[in-house]
Structure formats: C-alpha cells, structure tokens
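> Generate the whole structure from the sequences, applying the supplied hints.
Taken in order, these protein sequences are the chains called A and B. Quick note on my numbering: the first sequence kicks off at 1 and runs consecutively. Quick note on my numbering: the second sequence kicks off at 226 and runs consecutively.
There could be a bad hint or two in this list.
Simulated pairs of lysine-lysine, PhoX-like, Cα-Cα distance not exceeding 25 Å [said to hold, decoys possible]: (1) B:Lys426 - B:Lys740; (2) B:Lys418 - A:Lys50; (3) A:Lys50 - B:Lys323.
Quick list of the computed label-pair ranges, beta carbon to beta carbon [as the list claims (entries may be wrong)]: (4) B:Asp501 - A:Ser111: 22 to 32 Å; (5) B:Ile579 - A:Ala201: 28 to 38 Å; (6) A:Leu195 - B:Lys334: 20 to 30 Å; (7) B:Gln254 - A:Ala201: 16 to 26 Å; (8) A:Thr103 - B:Ile239: 40 to 50 Å.
It is worth saying that the hints were derived from the structure and are not from the lab. For glycine and all other residues, C-beta sits at the position ideal for the given N, C-alpha and C.
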Amino acid sequence: MSSKPLNCIIRKPVTLKIGEPRTDFHSGAAVIEVAMPNIKSVDLGEITFKNSYTAYLTIKVRCNFKSAETTSKYGDNKWKTILQRYPLMPNPHCEPGSQDYFTINRNMMCSEANKVAAVRFLLQQPSPVWNHFTIDEINLYEHKLEAPSPVSLPYWLLHNDDEDEDLVEKDKELHIEGAPPVDNISAGLQQLWALSESVRANQTAASLGRYDIDGCYEINLLSYT
Amino acid sequence: MSAHDQSEHLSVLIAHIVKELRGTVLHSQLKRAAQIQAARPNVHLSDLKREVHNALTETGWERKLRNAVYKHMALYPKIEHPLSSQDHSKEPLAYIRKAQANWEKRILKSLNSMCTELSVPLARKRPIQEQKDLKMKWNELGTDEPDLSAFRPVYAPKDFLDVLVTIKNPNCANSQESNAVLHNWGLIQLPFKVKNMKELKEQYWELSMTEVQTGVEDASDIIPDTTETDRMKLGKKVLQQCHSPVAQQFAKKGCPPHQRGEMWAQILDVVSTDNDKLYYEQLKSYVFQHDLLVDSLIYKDVKLTSTNDDNYFVFEDYLYQVLLVFSRDTQVLRHFANSSATPAKSYIRGKLGIEEYAVIYPPNGVIPFHGFAMFAAPLNYIHCDPIKLYFIFRELYMRYFFRLHNISSHPQGIVALCVLFESLLQTHQPQLFYHLREVGAQPLKIAFKWIMRAFSGFLASDQLLQLWDRILAYNSLEILPVLAMAVFAFRRANLMEVSTVQAAEAVLADLTTLKVIPILQVAVFSSTR
Chain A
1 MSSKPLNCII RKPVTLKIGE PRTDFHSGAA VIEVAMPNIK SVDLGEITFK
51 NSYTAYLTIK VRCNFKSAET TSKYGDNKWK TILQRYPLMP NPHCEPGSQD
101 YFTINRNMMC SEANKVAAVR FLLQQPSPVW NHFTIDEINL YEHKLEAPSP
151 VSLPYWLLHN DDEDEDLVEK DKELHIEGAP PVDNISAGLQ QLWALSESVR
201 ANQTAASLGR YDIDGCYEIN LLSYT
Chain B
226 MSAHDQSEHL SVLIAHIVKE LRGTVLHSQL KRAAQIQAAR PNVHLSDLKR
276 EVHNALTETG WERKLRNAVY KHMALYPKIE HPLSSQDHSK EPLAYIRKAQ
326 ANWEKRILKS LNSMCTELSV PLARKRPIQE QKDLKMKWNE LGTDEPDLSA
376 FRPVYAPKDF LDVLVTIKNP NCANSQESNA VLHNWGLIQL PFKVKNMKEL
426 KEQYWELSMT EVQTGVEDAS DIIPDTTETD RMKLGKKVLQ QCHSPVAQQF
476 AKKGCPPHQR GEMWAQILDV VSTDNDKLYY EQLKSYVFQH DLLVDSLIYK
526 DVKLTSTNDD NYFVFEDYLY QVLLVFSRDT QVLRHFANSS ATPAKSYIRG
576 KLGIEEYAVI YPPNGVIPFH GFAMFAAPLN YIHCDPIKLY FIFRELYMRY
626 FFRLHNISSH PQGIVALCVL FESLLQTHQP QLFYHLREVG AQPLKIAFKW
676 IMRAFSGFLA SDQLLQLWDR ILAYNSLEIL PVLAMAVFAF RRANLMEVST
726 VQAAEAVLAD LTTLKVIPIL QVAVFSSTR
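In structure tokens form, the structure reads like this:
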C-alpha cells in the first residue's frame with residue numbers, strides 16, 4: 001500500500017430520485033462525486049473506505065485520454081466502470097458488513113483505472129430497513145510500479161583489481177605475536193554475534209502470570225475510564 | 226477472495242500460529258524429540274530433515290502439533306482490515322459497542338457501590354495466619370459458612386435481558402413505530418443475520434433421525450446394548466488416534482459417558498502435563514495470598530445455585546477449588562481479543578491515574594454473575610481430578626461461555642442467539658407464539674435464563690452433558706436456542722391452554738424429565754420448511 005492518500009474533494013452523497021423533485025420516493029441509490037483538484041490524471045492503485053449500511057457499490061471513473069489515444073468506444077470524458085455492483089453487505093437486510101472497512105485494489109477492478117481524472121461512487125441499498133446509507137473515510141491511493149531500488153555495491157568489490165598485492169602485505173603486518181590470526185578471531189566473533197541475535201529473535205512472549213505489582217494488589221475501587 | 230488474497234491470508238495465519246506456538250511447552254518438547262531422533266545412529270546428514278520429519282510423524286509428535294495448530298485456528302480472531310481500530314475489530318457495530326460499554330459501566334458501578342456499602346476492599350493481602358488456615362481447609366471449603374447475607378450477586382440473567390431489550394439500532398427504520406419494517410413479535414428488534422431451519426438442518430445433519438445417536442438408541446428399549454458397545458468400540462479407536470478433529474467428529478453423535486472426559490480433553494486439546502499441575506499450584510498460592518471481593522461473590526453464587534441442586538451439591542468443594550483459582554488466572558485475559566468486552570481496570574491504592582500502577586480486576590477480567598458457578602458444576606461428572614477439571618472448564622469458558630454474558634454482534638453471541646430463538650419460534654410455531662404474547666408471556670422471558678446458562682441446572686445432568694457434547698462437536702452455541710424452541714414446541718399442547726404468565730412459567734418450570742436429543746430431532750428434522 002502506498003504511503004499517502006491522494007488529495008481529493010469528496011462531495012456529500014446525492015440521493016437519486018425519480019420524477020418530481022418533491023415526491024418522497026426512496027430510490028435506494030446515491031452518488032458520491034470525488035474530484036481531484038491538483039491532479040490532471042493519475043493511475044489508481046487502491047481505494048479504501050468504511051461502509052455505513054451500503055449494500056452494493058459501483059465505481060465509475062472518468063479517464064483523461066488525449067483524443068489520439070482513445071479507441072472508438074470510449075470518447076473523451078466518458079465514464080468507465082471499474083467496479084460493478086460489488087456486494088459490501090452479503091444480506092442487505094442484515095447487519096454483517098454494514099460497518100466494516102474495505103479495500104478495493106487493482107486486481108478486483110474489471111478494467112484498468114489509468115489516467116483517472118474523476119471518480120464516482122454509486123451506492124445502492126435496496127432494503128427499506130435502513131434510514132441512511134453512505135460510505136465514509138474514502139481514500140484513494142496512486143498505483144506505483146515497483147521499481148527495483150539500486151543496491152549500492154561496497155567499494156572493495158568495485159575497486160579490487162590493482163590493490164590486491166598491497167592488501168596482502170598489510171595483512172602480514174597486522175599479525176601479532178601469540179594471538180591467533182585475525183581471520184579466526186573475526187570468524188569466532190561473527191558466530192557469537194549470530195548466536196546472540198538468534199536468541200534475541202526467539203524471545204518468548206509468554207507472560208509470567210503475575211497480576212500484582214511488586215506483591216501489592218490492594219484495590220479499593222474500580223475505575224470507570 | 227482471490228487466490229492471491231487467500232495465499233496472503235494463509236501466510237499471515239501461519240506466521241501468527243508459529244509465533245503463538247513458539248512460547249509453548251510443545252515447542253521445547255518437539256525440539257527435544259527432534260534432537261533425540263537426529264542422534265540415532267542410522268540417520269544420514271544428507272537427508273536429516275526428511276528422516277527427522279518421518280520419525281516425528283511415527284512417534285506421534287506430528288499429531289500433537291496438528292492438535293495445537295487446530296486449537297489455535299479455532300481461537301484465532303479473524304484478520305482485520307489494516308484501518309480498523311482495536312475497538313472496531315472487537316466489535317464492528319458502533320451502537321453495540323456503546324451498549325456493551327454502558328453495560329460494563331453498570332456492572333462496575335454495582336460492584337463499587339457494594340464495596341463502599343459493606344466497607345470491604347476489592348482486594349487485600351491475607352495475613353499469614355489466615356493464609357495458613359485457608360491452606361488447611363483447602364479440600365473442604367464447603368464446610369466454611371461465612372456470613373454472606375450482605376452480599377448480593379452483581380447481576381442476574383433477568384437484569385441482562387432487560388438491558389438487551391433496550392438495544393436499538395439508530396439507523397434502523399424500525400426505531401420509529403409507525404415505520405416498523407421488522408415484523409418481529411419478540412422482544413429483541415435487531416436486524417441480525419441468523420440461520421433458518423434449512424441452514425440448521427445442513428449444519429446439524431448428523432443429528433438427524435436416520436443417524437444412530439448416543440442418548441437416543443442406547444436409551445430405548447430395542448437395541449440399547451449393541452448401540453452402546455458399538456459406540457464405545459468406535460470411541461476407543463478414536464481416542465487412540467489422539468487427533469482433535471477426529472474426536473470432534475465422533476462427538477457429533479454423542480460421547481459414551483465413560484469416554485466423555487477423555488474425548489472432551491482431546492477436542493479442546495487440553496493435555497495435562499506436569500507444567501499444568503505446577504501452574505495450578507501457582508494459582509492456588511495466589512488464592513492464599515490475596516483475598517478478593519469476587520471470592521465472596523463466588524461463594525454466594527455456589528451456595529445459592531449449586532448446593533441447592535440435587536445433581537451438584539456433592540461437588541461443592543471442587544467448585545470452590547476450580548472457581549477461586551479461575552479468578553486469578555491471567556491466561557484467561559487472552560480471550561478478550563475475541564470478545565467485545567474489556568476487563569475492568571483499577572489502580573493500586575493511592576496511585577489513581579498512573580498507568581504503571583494499573584491492574585486488572587479480577588486478575589482474569591471476568592466478573593461472575595448469578596449462576597456463573599453452574600458453568601463449572603456439570604463438569605464434575607466427567608473428571609474427578611480438580612486440576613484437569615479446571616483446565617477443561619477454562620478452555621470451555623474461553624471458547625464458548627464468555628459469549629453468553631457479553632453484548633456483541635457475533636453470530637454466536639447471546640443477542641444473536643436470542644434473535645435466532647425468537648425467529649425460529651415465530652416461523653415454526655406462530656400460533657403458540659401469538660397465544661403466549663396475548664397472554665403476556667413473551668417466550669424469550671422464559672427461555673433467556675436457559676440460553677444464558679447453557680441449560681445448566683435446568684436439564685438432568687446426563688442430558689445436559691449430551692447437549693454440551695454437541696456444542697463442542699459442532700463448535701457452535703446455536704444449538705441452545707434451537708433446543709429452547711424445541712422445548713416450547715414439545716410442550717405446545719399445555720402452553721396453548723394457559724391464560725396467565727404464571728401458568729406459562731409453571732408449564733416450563735421443570736425440564737428435568739426431558740430427553741434432549743429426541744426433541745431436537747423432532748423440532749429440526751420433521752419441520753417441513
């Protein structure tokens with residue numbers, strides 16, 4: 001998952017109505033428009049949000065292709081569906097899934113969300129059980145291709161052709177009377193270090209089972225916070 | 226879930242289980258066994274891994290590891306979304322979280338007020354003489370008759386039901402009466418997803434009338450002996466396997482009484498080692514060191530419930546030995562990861578608000594209520610050793626019983642079980658439900674105490690143990706509301722005659738003559754819907 005979410009303006013959900021604006025008809029559908037003001041076009045990687053009683057989600061994006069790149073199907077500024085009626089609540093009348101967090105990533109999308117200029121979330125909640133439905137905490141993340149980071153090679157690997165003879169001579173000079181050769185010492189130290197690291201890594205997290213603090217467990221009242 | 230997501234989930238799960246198992250006794254035992262195998266003379270260095278692996282499988286260690294992994298998978302809380310907070314992962318619905326928090330506050334207030342009224346500290350260190358006295362009396366704590374008249378239980382099932390009835394989803398159109406969409410006749414008006422009879426039939430198909438069950442065929446007059454011997458023979462083979470899933474599958478049709486203890490120990494993977502005995506002794510020493518208010522509550526509860534019950538009064542001493550130790554066991558705190566509840570906190574005297582002096586009260590985080598002792602009482606019939614009894618009780622509580630007294634949206638939480646009971650009764654016994662409502666006797670008011678205590682103290686002890694066999698075997702508490710509905714259906718004829726609440730309660734007051742499995746079979750498998 002990438003680091004920071006994209007900067008976007010998320011409008012309030014607009015309930016879709018049929019017929020006269022004044023008729024009291026709950027269509028069970030709403031739209032959330034998301035505009036990205038400073039970004040001309042971006043490749044979408046992930047979308048995360050928290051559900052609030054929405055049953056099905058459809059996501060449409062408007063792509064910013066130059067006219068030469070588009071095929072005849074998608075003209076300029078047409079809306080493309082990247083997620084079709086994805087069920088957030090397995091049973092729209094019942095609680096499971098109603099307040100869960102969701103992540104939509106690229107392999108769940110049915111078409112490529114490249115060069116996206118605007119996003120629309122279509123929410124559907126056909127059940128009459130609920131008063132309101134929406135999704136909260138929407139965050140969009142950019143799709144970054146993983147480039148292999150260059151590994152820096154150590155100096156001695158890159159520059160070892162001319163100075164070989166010098167190094168060998170230096171080795172001889174460092175030999176101290178009575179002590180084992182430097183290589184053996186360093187090998188032994190390395191082993192010790194490896195052992196201590198493995199012990200440190202294998203610390204058990206099991207608790208001792210003590211519930212008191214230094215033998216004291218005098219309690220008068222329970223705390224409400 | 227896509228294949229990629231599944232493999233990711235699997236690797237996270239494996240990493241978690243490995244981490245959990247690293248700190249256990251089994252890990253060091255496995256290492257030692259592997260070392261012994263590797264030191265054998267005919268093992269070559271080239272295929273050391275394969276040889277040791279095969280040797281461990283042959284000597285039964287791989288089975289033990291499998292059981293441990295199975296146990297962890299049963300307890301492992303589901304993978305949470307990276308964005309969900311800790312509160313959200315314990316309980317995703319905000320209004321349920323609020324209800325549980327209010328309920329916990331009420332319990333704390335009740336305990337605090339009892340404390341101040343009686344001027345008894347919540348916890349104190351026992352003086353040396355008192356510790357010695359207690360140590361001497363440990364095996365006969367039942368003979369102690371302390372004055373407990375001033376103590377009262379923190380809450381009873383009736384109080385809990387009153388709280389559950391008031392929970393409402395603020396987003397639910399049902400909240401305004403004129404707009405009622407959920408047509409539930411019952412007390413709980415929450416849109417939880419519960420199973421219908423068809424799904425229950427599939428889940429509990431091994432209980433059907435065409436399958437031989439312990440508790441049915443061996444109690445009848447026709448072929449009791451052969452059924453019993455057949456089941457016992459099969460049970461013996463199952464026990465030899467020492468494999469939890471196999472034992473669980475066997476228990477679906479009931480356990481023969483003599484094999485029940487061992488079978489439950491295998492299903493729950495409770496292996497009694499010397500370490501466990503030492504741990505129990507350590508907990509016992511904690512009981513001697515500190516006196517908790519919760520101890521008096523436990524005493525009172527045992528005296529009120531178990532000692533008045535013909536089936537369990539003989540086990541009074543064992544109950545104290547199990548429950549007093551249970552309150553001091555900090556391992557129980559692990560189950561709070563799966564629960565919507567949070568343990569009560571307090572501060573060592575004088576250091577209010579300073580986090581380093583914060584402790585959990587009681588040490589296991591569980592405040593007992595009226596009837597809590599009845600969760601442990603039936604277990605006395607399957608184990609006579611209090612240590613093994615203790616570990617089985619602890620495992621049962623951490624897997625199942627904690628759900629019966631916490632408010633949660635979990636499909637096996639007490640709220641969902643109540644919704645399941647009412648929906649089953651309304652669907653399959655509408656006339657009965659309607660009649661009882663007219664009379665003023667809401668069925669849940671009568672059935673709630675059965676479900677909250679898992680029928681302990683209401684059924685005959687052998688029938689109760691058969692019921693609990695199925696809870697373990699199918700790994701679900703849903704059988705409790707199904708049985709409650711089956712009981713109502715069974716006594717339907719009498720219930721349709723009643724015209725007052727008291728008469729309805731009188732019809733259902735005594736369940737000790739009921740045979741649990743046959744009435745379950747009739748209710749589930751002879752319904753046409």
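> Each hint: holds or not?
Consistency of the hints with the structure:
1. Proximity of B:Lys426 to B:Lys740 is assessed by CA-CA distance (about 19 Å); at most 25 Å being required, the pair is judged to hold.
2. Our distance criterion of 25 Å between C-alpha atoms is met by B:Lys418 and A:Lys50, whose separation comes to about 20 Å.
3. Restraint check: the Cα-Cα separation between A:Lys50 and B:Lys323 comes to about 19 Å, which is no more than 25 Å; the hinted pair holds.
4. About 58 Å separates the C-beta atoms of B:Asp501 and A:Ser111, a value inconsistent with the hinted range of 22 to 32 Å.
5. At about 33 Å, the beta-carbon gap between B:Ile579 and A:Ala201 stays in the expected band of 28 to 38 Å.
6. At roughly 55 Å, the beta-carbon separation of A:Leu195 and B:Lys334 lies outside the given 20 to 30 Å, and the hint is violated.
7. About 21 Å separates the C-beta atoms of B:Gln254 and A:Ala201, a value consistent with the hinted range of 16 to 26 Å.
8. Between A:Thr103 and B:Ile239 the CB atoms are about 22 Å apart, so this pair departs from the stated range of 40 to 50 Å.
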